[in-house]
Amino acid sequence: MSNPALSTGGQHLSTDEKKVLIKSIISKYGIYFVFLGLVLFMSIMHPAFLTVNNILNIIRQVTSIGLIALGVTIIIITRGIDLSSGSVLALVSVIAASLAQNPDWGARMYPALPMLPIVVPIVVGLAIGALCGGINGFFVAKTGIPPFIATLGMMIVARGAAMIYSDGRPVSSLTPEYNFIGQGEILGIPFPVILFAIMAVLCYILLNHTRFGKYVYAIGGNEQAAHVSGINVGKYKILVYILGGVMSALAALVLSARISSGQPGLGNMFELDAIAAATIGGVSHSGGIGTIQGTVVGALIIGVLNNGLDLLNVSAYWQMVIKGVIIVAAVVFDMRKNARKS
Amino acid sequence: MKKLTKMLLVSSMAILAGCGQKDDGRIKIGASFCAFNDTFQMYMKDAMDAKAAELGDVDVVYTDGKEDITIQLSQVENFIAQGMDSMIVCPTNGDAAKSISDAAIKAGISIVYLNRMPTELPDGTYYVGSDERTAGQIQGKYIAEQLQGKGQVGVIMGIPGLDNTVKRTEGVKDILKDHPEMAVTREQTGRWMRDLGMSVAENWITSGDNMAAIIANNDDMALGAVAALEASNMKDNVLVMGIDATPDALAFMKDGRLDATVFQDPVGQGAGSLMVAYNLAKKQPVEKETWIPFELVTPENYKDYL
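Residue numbers (our numbering), protein chains in the order written: chain A, 1 to 342; chain B, 1001 to 1306.
So that you can see chain A by itself, here it is in the shape it has in the complex (with noise of 0.2 Å):
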């Protein structure tokens, strides 16, 4: 807004600019205000959801989501998916789970194995994560065939083996080493709360200020071109792919810790909201397109409404319909502002 338009042009000119201003505001940060509007509404609604317990609450709630949306963030900017990571987590969870099991319990899965260190499920599990995103790049870029499909194997594979491994069963009492990983607190604030916030934060540089980053984001904008430009596409791919395994691999270190005990039903799902959270928080399916802070909001906005329509008693099948709704809502209101860019 320049000073002539505002003496010359009068209230007129003046009111329009300021509307274009405000729209490019909502526009461009769409997203954070459906976050607030959904946090008002909420505060409002009940007393408690305001309060730093509550907060973390809702955070260490959609850890294990958020994790997995971290990486499915990247994946779907190269223009993949990921729809394996929920069946990943149970797998992961009840290998890891299996290691870490107290030594005094009756149904330990291995009787004779003796107390191992915490650092042995925890490598495990995420070597197991990392082997199956290393699977599913390996077919994404290897064999061509669509990520859905090779995710969407994975998905059934990996649930499986999990039932295999577990005989179907939960794998229980943990140690309390690896109950911390779920249960722990640092100065007062959850564990998972600071793995989340650690690896948000390690995504975002990785994201933006590396040559992976770069190179995602090419890949997801124009692969013909990236690979013209010389850019190892089928590597990278690979390399996405195994980051998303690992990042479902932790979520379910922290899941299975949270609760003690490694489920093979585990995760049911959480591909599915994973995904939503990305999506809400405006990473676009044909590529290219997404950040991770828009991950993590997306996230919360999933923690805001389980945990606030919790609170105010709203009926289960409410919940779903209401869930699904502002999702969508959410992507409209989100995706004006790319339709208007363009």
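Rather than coming from a laboratory, the hints here were simulated on the basis of the structure. C-beta: ideal position from N, C-alpha, C; glycine also. Possibly wrong hints are sitting among the right ones.
To be verified - Which stretches of chain B does chain A cover? Using the computed rule of at least three CB atoms under 8 Å from a CB of chain A, they are: (1) 1196-1202; (2) 1206-1214; (3) 1221-1228; (4) 1241-1254.
Unchecked claim - Counterexamples of contact, computed for chain A against chain B with all Cβ distances above 12 Å: (5) Lys-18; (6) Phe-49; (7) Leu-131; (8) Asn-179; (9) Leu-202; (10) Leu-206; (11) Tyr-236; (12) Ser-284; (13) Tyr-317.
Got chain A; can you put chain B on it based on the hints?
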């Protein structure tokens, strides 16, 4: 795509039919479960396996219904195509079992419903199991007794719309409505999962409600609620009760962390259903309905269930 699906279907059926071809006088039974990731159903399956091994001349084929009655219908159709001698079905939803009954009756193969009672039980169909409603009633009675008829109760439900979710919840309310100073003030779904049950309980704790008891539709969600209450140092003020008496739940009871549960007898149900299906295949007389009772498990008697 349609063609491909058809081809896969035909070829898989051909393979399955090929397996069934060697008719050596052994009895073949097809069993469709609601969901393989439901721990209790796996215990019923174990009991069926043990019983089958004991009988010696029977082969059981198990399938995973994935909590979807339409998937179960196609599994039953496949069983019929494979020429099973009789079938066992644990239906995801009793109200929707009619088409399964129709298909079985049309094919002239007897069907034994397990664990979840269908709305109708026409000729040629049988039932082995418990009445889900009584499980909820046992919970309601115990909690009302412990609280001396006073207090707010939250119910953590299983997957919405499923038979056992609805009936167990109704059972709780059946009892509580006779206690004017008690009420179910909150009900939310934990989808049978421990982590989701925990989240629901955390949100209730945050809401500041003065809840005296949390009743869950199964043990896993109850254990989640216990963990949430313990994290807020509130476990001493709130009673928590589940259903199933899983090994995990009994371990929690042993440590004084879970207040009570309800035992549903997987061995009685699993082995019982197999015996009925076996006798039907052998054209032996069987009972139309076999009821396996639920049992209350408290800190006084939990040791009997370990």
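Checked hints:
| no. | hint | result |
| --- | --- | --- |
| 1 | 1196-1202 | holds (count 4) |
| 2 | 1206-1214 | holds (count 3) |
| 3 | 1221-1228 | holds (count 3) |
| 4 | 1241-1254 | holds (count 4) |
| 5 | Lys-18 | holds, 40 Å |
| 6 | Phe-49 | violated, 8 Å |
| 7 | Leu-131 | holds, 22 Å |
| 8 | Asn-179 | violated, 10 Å |
| 9 | Leu-202 | holds, 24 Å |
| 10 | Leu-206 | holds, 28 Å |
| 11 | Tyr-236 | holds, 31 Å |
| 12 | Ser-284 | holds, 27 Å |
| 13 | Tyr-317 | violated, 6 Å |
Checked against the numbered hints listed earlier, the structure breaks hints 6, 8 and 13; every other hint is satisfied.
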